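As a plain string of letters, each chain reads:
2 protein chains.
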Amino acid sequence: MSPDRLSLTFAALADPTRRAILGRLSRGGASVTELAGPFDMSLPAISKHLGVLERSGLIARGRRAQWRPCRLKAKPMKEAVDWLEHYRRFWEQSFDRLDDYLRELQAKEKKQTRGKKDGHSKIC
Amino acid sequence: MSPDRLSLTFAALADPTRRAILGRLSRGGASVTELAGPFDMSLPAISKHLGVLERSGLIARGRRAQWRPCRLKAKPMKEAVDWLEHYRRFWEQSFDRLDDYLRELQAKEKKQTRGKKDGHSKIC
Numbered sequence: 024m025s026p027d028r029l030s031l032t033f034a035a036l037a038d039p040t041r042r043a044i045l046g047r048l049s050r051g052g053a054s055v056t057e058l059a060g061p062f063d064m065s066l067p068a069i070s071k072h073l074g075v076l077e078r079s080g081l082i083a084r085g086r087r088a089q090w091r092p093c094r095l096k097a098k099p100m101k102e103a104v105d106w107l108e109h110y111r112r113f114w115e116q117s118f119d120r121l122d123d124y125l126r127e128l129q130a131k132e133k134k135q136t137r138g139k140k141d142g143h144s145k146i147c
Numbered sequence: 024m025s026p027d028r029l030s031l032t033f034a035a036l037a038d039p040t041r042r043a044i045l046g047r048l049s050r051g052g053a054s055v056t057e058l059a060g061p062f063d064m065s066l067p068a069i070s071k072h073l074g075v076l077e078r079s080g081l082i083a084r085g086r087r088a089q090w091r092p093c094r095l096k097a098k099p100m101k102e103a104v105d106w107l108e109h110y111r112r113f114w115e116q117s118f119d120r121l122d123d124y125l126r127e128l129q130a131k132e133k134k135q136t137r138g139k140k141d142g143h144s145k146i147c
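Chains as they are written, first to last, in this note's numbering: chain A, 24 to 147; chain B, 24 to 147.
One chain only, chain A, in its complex shape (with noise of 0.2 Å):
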């Protein structure tokens, strides 16, 4: 079974070089040797990676012979954010939940402080 739209452009995604490779295009388009440069690798190490963005679709190559410029195409970009944005609900609430956590704490914080000066046991 060929991997499914989705998972191409998520495995496409999930290494440090091609995102920055996808960073470098979004500034314009860029030849092979031009990409290669801020990478210190090699042009075959380049292309493999230019061919995984290709097959997910994340870029598109020119076919003119020798200079194959690369852009950025981001449409698979949409369908993932729109997967994830499922989940939306879940990041909010876990990062609510740490905010009440937080605020619970400084209340805590607040309250024994008071104490301990109600106390006169602050060191002056």
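Keep in mind the hints are simulated off the structure, nothing from the lab. Remember, predicted model here, so these are calculated numbers, not experimental data. Just so you know, not all the hints are guaranteed correct.
Note that identical chains are pooled: a pair holds if it fits in a single copy or bridges any two copies.
Subject to a maximum C-alpha distance of 20 Å in a straight line, what follows is the list of computed SDA-like cross-link-like pairs (lysine to any residue) [what the hints assert, rightly or not]:
| no. | residue 1 | residue 2 |
| --- | --- | --- |
| 1 | LYS134 | GLU77 |
| 2 | LYS98 | GLN116 |
| 3 | LYS96 | TRP106 |
| 4 | LYS98 | HIS109 |
| 5 | LYS96 | LEU107 |
| 6 | LYS96 | ALA43 |
| 7 | LYS71 | PRO92 |
| 8 | LYS96 | GLU115 |
| 9 | LYS96 | TYR110 |
| 10 | LYS71 | ARG42 |
| 11 | LYS101 | ARG112 |
| 12 | LYS101 | GLN116 |
Model the placement of chain B on the given structure of chain A, informed by the hints.
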């Protein structure tokens, strides 16, 4: 080098079974046996997927000896969305462009239909 957190998250999401497990856990905590049921998978196969999800921080598992319920932890998803959001303008742009193109196409079609009508080339 151990993979960075974001790479772990994307890699964990790059599998339809793991995404389905997260979907099941979004409806409430579940044991490994409960999770294995709908997938028609062996317990070791499900356990392997749960291991990947746990290492990425997308689920947490209880520590009670026999029954180790799994629950969803959505925080890594927020980080993934935050990263993807940097590219929003690109996918919105590409949809805008598609929209422009379709509008242009419709306008051309209308013009052609009108032209044919004016030239009495319509078949009655």
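Against the structure, the hints come out as follows:
1. LYS134 - GLU77: neither (59 Å within a copy, 38 Å between copies)
2. LYS98 - GLN116: Between copies, since 10 Å is at most 20 Å while 28 Å is not.
3. LYS96 - TRP106: For LYS96 and TRP106, both the intra-copy (18 Å) and inter-copy (16 Å) Cα distances are at most 20 Å.
4. LYS98 - HIS109: both (18 Å within a copy, 13 Å between copies)
5. LYS96 - LEU107: both (19 Å within a copy, 13 Å between copies)
6. LYS96 - ALA43: within (14 Å within a copy, 27 Å between copies)
7. LYS71 - PRO92: within (15 Å within a copy, 40 Å between copies)
8. LYS96 - GLU115: Classified as between; 11 Å across copies, 29 Å inside a copy.
9. LYS96 - TYR110: Cα proximity of LYS96 and TYR110: across copies only (10 Å, versus 25 Å in one copy).
10. LYS71 - ARG42: within (14 Å within a copy, 26 Å between copies)
11. LYS101 - ARG112: both (19 Å within a copy, 10 Å between copies)
12. LYS101 - GLN116: Between copies, since 12 Å is at most 20 Å while 23 Å is not.
In summary, the structure is inconsistent with hint 1 from the numbered list given earlier, while agreeing with all the others.
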